[in-house]
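Chains A and B supply the protein sequences, listed in that same order.
Mind the numbering: the first sequence is residues 1 to 275 in my numbering, read in order.
Mind the numbering: the second sequence is residues 1001 to 1237 in my numbering, read in order.
Hints are supplied without guarantee of correctness; some may be wrong.
[Claimed, not checked] Computed cross-link-like contacts, EDC-like style, restricted to lysine to aspartate or glutamate with a CA-CA straight-line distance of at most 16 Å: (1) B:1047 - A:159; (2) B:1112 - A:150; (3) B:1003 - B:1066.
FYI, nobody ran anything at the bench for these hints, they're computed from the structure.
The residues making up each chain are set out below.
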Amino acid sequence: MEIFQYDFMQRALAAGLITAVICPLIGIFIVMRRQALIGDGLGHIAFAGVTGGYLLGSYPLVVAAIVTAGAACGIEWLRRRHAQYSEIGMAIFFYAGMALAIIFSTMFRMPPSGIMSFLFGSIITVTTTDLAIIGVCALVLIVAVIYLFEKLTLMCLDEDIAIIAGINTTAINMVFAILTALVVVVGMSVVGILLVSALMIVPVAAANLLHRGFRATLLWAVAFSLLAVIAGLILSFYLDIAPGGTIVMNAIGIYLMALIWERVSKPRVRNQADN
Amino acid sequence: MSKIDIKGISFSYGDNAVISNMSLTIAAGEFVAVVGPNGAGKSTLLKLIAGLLQPDTGEILINGGDIAAVRARGLIGYVPQNYANNLGGFPITVEEVVRLGLVTARKYRPDKDHARHIVDHMLSLVGMENFSKCRIGELSGGQQQRVMVARALAGNPELLLLDEPTSGIDYVASKRIFELLARLNRNLGITVVMITHDIIQATQWTSKIACINRGLCYYDASDRFRLEHVLHGHSWL
């Protein structure tokens, strides 16, 4: 296609496709653990990492990855040690992330365009270095999820069962927290901090409406995510609109179509669920 | 088969003492029902046996050793409470759930064909072989519990712990679960410890009943007279 003759669009496509695969890969476990808003919260913290990276003169994506992974581990520790206060603790982490981001950006006098590119994504400005970092993060993540897939699934079903089965859930939860942080940082470049969570959650929610098994739901979620990214890039190029927002609106459109499909084709299932 | 020795355990949630100086022995291969009023500490006792909680004082031995050793060998099957509430939107089929029973700390993992055979066998044991492709959230409460028992059995446990598997389901479904557990206990020799409020079914199907109230444990084999005395001596029946 004509638009993919440009180097910047080729990089955008590569970054988008990688993100489209890894977001649902982590998102399905987040949805099943009923932690759908964790991506939003970690996005706030990643924003502090990005602005902190600029302030320190370091590579922003790497600083964001380190800061977000550290915060994700802190949140996981809080969830395990003080379960009754974990929600409040998480909120404090997130507010602290946003507050630090504002402070760092004013200290550095970061231009509004720079802030906007992280808040709303800047897929067409992805550099070769960004792409390399995204690729390495994605490779680590895919290998880890394949290796831990069954254990993570069992932990989603019931963590106590996993503990009794002799699985080291503490270690796996920490690894999962770090993987979630990596996805947020990678997704931040593509759809932005404010929308990264959408790409983790919406394709999974759409696939869930197809009433398939766990693996099938994951595969459908990845397919929906890829469709949303490819269509989003093409539409945004020709309509000259923001790619991040277009990608997420495509994902929401797919969700609505899946919802209609479910309502039309599975009334029996819906009635059972309502009861 | 697993023998459980509970020696003088106490457990508190903060200042709230739930279990005080409780002792209990469950012989290998027994089917024991734990009954008692809400808040008596039944689920806490089960979590202590499973090693999810640690007693403040006393100790629990399984086959004469620490629970951690048994857990590390993946020999405990566990069916927690209130499954039906969590499974509504979970995108997982019956066969996928049962296959998760093979995920244990054990190094040995069956190959794909063997795993398939185990899953089919477990589903036929609990009478759910025709539902393997269904999503578990779309089954009734009783059917979900039978699938959960199949999942717990897939790991070939020596000890099966169940927390109110018959809560919220009708008499017929409850009876089927008791029948199933009694059959598994008899045929496979698995030690079964089950929390229930269904005392009528418990007296019919289990070999022993442990009554817990106010932190005390009245452990009485099949002495129905004493059981009746214990139960009617409190207002919760």
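Violated hints - listed by number, lowest first: The structure conflicts with no hint, since it agrees with every one listed earlier.
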